[in-house]
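A.B. asks: Okay, here's what each chain looks like letter by letter:
Number of protein chains: 4
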Amino acid sequence: MKNTALDLNICYIGGGSRAWAWDLMADLALEPALGGTVALYDIDYEAARQNETIGNKLHETDKRWRYCAVRTLDEALNGANIVIISILPGTLDEMESDVHAPEEYGIYQAVGDTVGPGGTLRAMRTLPMYDVIARAIGRVCPAAWVINYTNPMTLCVSYLYKVFPGIKAFGCCHEVFGTQRVMAYMLGESLGDGRKVDRTEIETNVMGINHFTWIDKASYRGEDIMPLYARFCEKYKDSGVPGLGARANSAEYFRCDNRVKFDLFLRFGAAAAAGDRHLAEFLPPWYLKTPETARRWGFRLTPVRYRREQYRQRAEKSAKLVRGEIEFERTPSGEEGVRQIKALAGLGDFVTNVNLPNAGQIPNLPAGAVVESNVCFSHNNIRPLVAGEMPRPIQALTLPHVLNQQMLTEAAANHDLSAAFTVFLNDPMMSIAMDDAKTLFAEMMRRTDRYLSWWKQ
Amino acid sequence: MKNTALDLNICYIGGGSRAWAWDLMADLALEPALGGTVALYDIDYEAARQNETIGNKLHETDKRWRYCAVRTLDEALNGANIVIISILPGTLDEMESDVHAPEEYGIYQAVGDTVGPGGTLRAMRTLPMYDVIARAIGRVCPAAWVINYTNPMTLCVSYLYKVFPGIKAFGCCHEVFGTQRVMAYMLGESLGDGRKVDRTEIETNVMGINHFTWIDKASYRGEDIMPLYARFCEKYKDSGVPGLGARANSAEYFRCDNRVKFDLFLRFGAAAAAGDRHLAEFLPPWYLKTPETARRWGFRLTPVRYRREQYRQRAEKSAKLVRGEIEFERTPSGEEGVRQIKALAGLGDFVTNVNLPNAGQIPNLPAGAVVESNVCFSHNNIRPLVAGEMPRPIQALTLPHVLNQQMLTEAAANHDLSAAFTVFLNDPMMSIAMDDAKTLFAEMMRRTDRYLSWWKQ
Amino acid sequence: MKNTALDLNICYIGGGSRAWAWDLMADLALEPALGGTVALYDIDYEAARQNETIGNKLHETDKRWRYCAVRTLDEALNGANIVIISILPGTLDEMESDVHAPEEYGIYQAVGDTVGPGGTLRAMRTLPMYDVIARAIGRVCPAAWVINYTNPMTLCVSYLYKVFPGIKAFGCCHEVFGTQRVMAYMLGESLGDGRKVDRTEIETNVMGINHFTWIDKASYRGEDIMPLYARFCEKYKDSGVPGLGARANSAEYFRCDNRVKFDLFLRFGAAAAAGDRHLAEFLPPWYLKTPETARRWGFRLTPVRYRREQYRQRAEKSAKLVRGEIEFERTPSGEEGVRQIKALAGLGDFVTNVNLPNAGQIPNLPAGAVVESNVCFSHNNIRPLVAGEMPRPIQALTLPHVLNQQMLTEAAANHDLSAAFTVFLNDPMMSIAMDDAKTLFAEMMRRTDRYLSWWKQ
Amino acid sequence: MKNTALDLNICYIGGGSRAWAWDLMADLALEPALGGTVALYDIDYEAARQNETIGNKLHETDKRWRYCAVRTLDEALNGANIVIISILPGTLDEMESDVHAPEEYGIYQAVGDTVGPGGTLRAMRTLPMYDVIARAIGRVCPAAWVINYTNPMTLCVSYLYKVFPGIKAFGCCHEVFGTQRVMAYMLGESLGDGRKVDRTEIETNVMGINHFTWIDKASYRGEDIMPLYARFCEKYKDSGVPGLGARANSAEYFRCDNRVKFDLFLRFGAAAAAGDRHLAEFLPPWYLKTPETARRWGFRLTPVRYRREQYRQRAEKSAKLVRGEIEFERTPSGEEGVRQIKALAGLGDFVTNVNLPNAGQIPNLPAGAVVESNVCFSHNNIRPLVAGEMPRPIQALTLPHVLNQQMLTEAAANHDLSAAFTVFLNDPMMSIAMDDAKTLFAEMMRRTDRYLSWWKQ
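Chains as they are written, first to last, in the working numbering: chain A, 8 to 464; chain B, 8 to 464; chain C, 8 to 464; chain D, 8 to 464.
Just so you know, the hints here were simulated from the structure itself, not pulled from any lab data.
One or more hints might be untrue.
For identical chains, the list gives no copy identity; a pair is met inside one copy or between any two copies.
[As the list claims (entries may be wrong)] The list that follows gives simulated cross-link-like pairs (lysine-lysine, BS3-like), each with its CA atoms no further than 30 Å apart:
1) Lys327 to Lys64
2) Lys463 to Lys224
3) Lys244 to Lys445
4) Lys244 to Lys203
5) Lys327 to Lys70
6) Lys445 to Lys463
7) Lys175 to Lys9
8) Lys224 to Lys9
9) Lys445 to Lys224
10) Lys175 to Lys224
11) Lys463 to Lys242
12) Lys244 to Lys463
13) Lys9 to Lys64
14) Lys64 to Lys324
15) Lys203 to Lys224
16) Lys324 to Lys70
17) Lys445 to Lys242
18) Lys70 to Lys9
19) Lys224 to Lys242
Computed from a prediction, not measured in an experiment: that's the story for all the values here.
Chain A extracted, bound-state conformation (with noise of 0.2 Å):
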């Protein structure tokens, strides 16, 4: 096994990003076995221009990483190992059309970035977007390692694999951590010995679609923790566990008392294994009928101007850190990106979820759907791990999505609007008269029409 990988040419498609890029930054600042060169490639040039500065002020000593802005697509991918994307598909105008719009026929959306009425008019501007970018890769780099970060995930990285099926790309998400998190914590409790553990010190089984993951097996040192953790869910289910499974710098907008969870472990026997925020979502209105119900339940909608100012504040600190009047903060974000690059450039194997299309990985989702699941990184390979059949309950609310979400892959690539509407459609959240339906989807598209000129009547 070598030691250190410091010839790596990493792509970074979204490359202006104050979120996630920043993230990657601190954390491939902090790890001294990679190296290389990152291209950061935005349609805000000037984003990516500002980050190309903070990124090289990292490391002005080591010279480990060279950050560089650049202009075109061709360009950033010319080379790479390793393409990341993470985009903003559109702005947050379009996505407080996505978020807020449906709120005027009664559909309350805590994110509304993956399923729901938003999340299908995100798909549809998000996956042509994709077109450019799956084609691009085929053409330049077809060998590279290909990470999404982009929302709604599922549809990515299906579209990517559509577009270019010979495509070595996965998707990425922080959500099963929350949860494995608040195992962490319930252990913690359990030992009383102030023992503190950490979530990847417990192993889990994970099965699902991004955002709508599950657990159905998890241990620590060897043994069950499943039993610990019914009791835990009983424990909790009216209180709830505030604060527990989000980042410790997450705004009160991200945070649940995960008892949307508990509810769930206690009713389907399995650990729902994402935000309540995003678990809500794919079922019926059960939590999310009102405002008011999801606030009884522990968690909040997300108001889209809330992430408007986010945005503003964190421009303010990119042109700080780009003056040097701040200094880059280099702690350890969570993600586990990194991690992933270094077992792939040989660094030493590890087995953790991501997104990919199902091979066998749940033999009773479709075959070649985009299933989340445990994966085994070793260098420069991913295998995935069988996971298992899903529990027939949690199969039945999982089938109508993975359904949509192959609809709406086909339906994209064919331009189909009135396929996209069916998939609109027939999502669960959508508890309104056809009437209705019809005038929102017509209302959707009208307000963030700039981006959807690839559909077709």
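The hints should help you fit chains B, C and D onto chain A, whose structure is shown.
C.D. replies: Just chains B, C and D now, kept in the frame of chain A:
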């Protein structure tokens, strides 16, 4: 091929019925090739006795059939070649709860006997009765053909096979015929030569589950009529075609304008083949958001008080028939039971749709799940035809119901109340908050608890 | 239902045939309800011309059918509703190689046209011809019904669908009828009242692949006759029942004592439904180790010199028929082609076994593979029945052939000689050493290379 | 992660073994992180006692392990965390019949313990013993990990799960390692820098069934080495590479020139991953037509008299070891059992190939069938990796064996002798006439009937 079968032994469970039993009596009276005995078994023995009198009057002269009310199930099944099951599980008081209790939570059901909260509760009291029936058939007449008419159809048939896997049972329903009648009307309108097309002249490919059945191919005299149907749906999508599809004497509450059917065709490209009242119940509240939504789509919710009135009238009519004050009308019912019995007796093969476990009929629905599709009836044999794969969007709408029905079958076999609640909850109609769902379930249990002792906490 | 169809356009590819074509001509002459034109296309135009003369003589008076030899395939297909394909791929010289070359390596084939080394080589020269035919049908008469009689049946049908997936083709073979005749004989013997049972009165469930087809259920007048068949097999397992199953005028070389059939039933519990000569070829050399083994089991290997003699006699007979020296015998052929054409023309539905891609008929064989099972013929429609799962031991014997056939279909589409050799090798009959297999393949290629230019090294 | 596990309780069934047991004893002696007790159970108690003595001598100083011969199976299993099963089913007299009786009918087996007539008969006497073992494990130590080394591997593992579905059993075999060693040799030759590559440095994707396992992907330090392997096979296809793959001390009878392996690769495009002697037995007699054919392909048939001699020598050696006349050699065995035990004890995860029921590993082999593929070992857990679909030609060769193995598992559970004969017959090696097959089966039964009382006529 034989010409007659005059030695049949039919056992009618629910033999005091004044709807399906009378239909059968009329059809048997009109069919000279069949004869034998009909054992009438009913928990209301007096009602069965009345039907015995009415039935025997029909054959005073020809003595072809002998009707006989019997006091026990085993006696009724003894020697039977054909068993017909057509029962009301519980009374109209329970149906009152099934249909109207959910309205207090904003859930409106047009029928309330198949899926949705009403269908689930109805199943919960029916399946324990079917447990008794299936065991008795296995013991007394295991080789008999068993025809089920009781709702919820899918669950009744599914449970018969669960308890006695060797049973030769199938489920019959006339809902598909209604859509065939719509197509026959369309052909009459289109041919324009005054020709009257009978629904049986149209060859349809039927696929789905009972009351949520679809026709993806239809032909008349060898010609594909789906393009014509597409134009027909387009033409009448707004106005609808009132009354079509229903039996001649159907009350207003059982009729519809077929607008839901046309809307679904235009959306999904296959003809939904059941009354609009049934179809709407399998979907999120697109057509059932409020009673007003339903009315706008051209159908009515059937109030249980209407059924009470109907029952009262039929009881009066029965008394008059018994006393000979009025004559029994020998009108063909439009049902196919007698035609099926003829075919099984070796008097002519034919193809029609029934409900059976999936053995390949619909490869993209789970094996073993009860589905509705075409079957070839022949001498002592029924052989399903391959219907083919469901189109994906229809599969997406159907699968959650199929899985729910498999879960409720299991739940009943295990007396598992918690699993039954999961089924109750997973229904797409349940677009209410979780706490309300729990309260509603408890309330509906309470109101019908006389029939729910089977289920264990 | 109509009473006649007198405007049919049949295209007969291989129209110079003196076997299948004469059978068809006899059956058409005997069926008053059908009429129209038959275009005869053959690479031996003169033979087609002779059949034109013979055919038109049959209808000198009633003019119901007009036979017409044509010079090109496109002309023959033009306007066709029905296309019949019944060709000899290559000449008897090639068949000589197919059948007899392997004997030098101790591989004995009874027929040599389906599987085994002979079947593979025969397919290798047939499929390129079918490539031409399938494309022409797609271009000239895509909506026509296509009936294939050519062997290797499964591969011919499979390849038609491979090249033109929209084709409405099915494959017909009389081998199953033979086993039905055995069962009819058995019933006659058993009933003992001199009653003559016709094979069509027996309802059988057919499953498998052509020439290796099985009957797992059979009934007569509604009664299961499989227990009777078990006793029959037991009774005659040693003596056999000579001649049964074959057509009346079959030569000794086409007959068998049915001992293989009985032995397979006693071993596997389902009735093998093809002539013993065909059945034996699908198996390891259990019944074909040597010519002596075959003789001991009551059947003969058909030498190609016998076929040469047969051909010579038929050519003479043809000349005499053309010259009017002898009269064409209007004897029913026992084939079902004309009955199928009647049904497709809307003159009466019926169920029989044909070869079609698996769409659910046999769930434990691969989807899309061509299988033989029952199908319901109706007006311009054929609908397969669900045959059900094959019993596992029979599935184990069948699957290697199915996979081989799928591979050879692919191999032909790709002109892939190496893949064709893999198929040649994987056959259970190939119980020879690897080097011998290579030599034999090369030798068989060499002897028939006039027809193998399609295949690329 | 812990550093040691010194409290293990291993139960060794077949603990008098002088092959596998000595390997384990050597490996345990060399692994300082593990310790505990080893209960040795054997029907030859004296042999177990000798191993007790030998084992305890190894730990005279460090006392890490305590070996203890016990007299009953239940006693041996009591408290076990790990159960190892490695037995000789019957004696070498039975093996003599397995291997050599078929030779009288022209069937030559190189090993005779897996498939073919010898494998089937061996299974027929082994599975009744496994019935006892599986029940005892279910009763005494249901949570123990069970490692099977006995052949026929697939059937042993399959039957353990059949009898006790909750068992945590897997099967281990070193045959794949041999092919990995061939690849390591190839890399050494190719790199040309004197570097010595260890087989564990090569990452392979393993798929198939035990002794007929395939590698379709292999990489070294992240680079695909399959193109190199293709050239290697081409280069050595005629000369072979003698001795490679075998363990250093392997006798001539266990060695091969790897020519079968290379020939299969060149034919099927995937690397057959077992010794040639095993591979050849799964195929028609391509490489085993005669002993001479085998010799030409570079391998030998192992005569049972050689095994007798081997046994005799080991018995002598055992006596000397017990008496202390010679020293036990502490040489690593090359087996992975101890590494697996370490991983299960929480001392480090790793991936290797074992035999387990198919839960998605190989989607185009039947679910539940025991397959060999990669598995991730971790603390008290084993998780299979998705190996993916088998290439179709390999699937065609494998499926008949898989179905045979499923049938023999069923047959054993039902004591069904007739079904066992069907399995015997269905083997591709059985290229003999049916009557000979019957005679041979009867003869092999007769010669080994002491162990066959389980089977009912």
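A.B. asks: Of all the hints numbered above, which does this structure not satisfy? Sort the numbers upward.
C.D. replies: none
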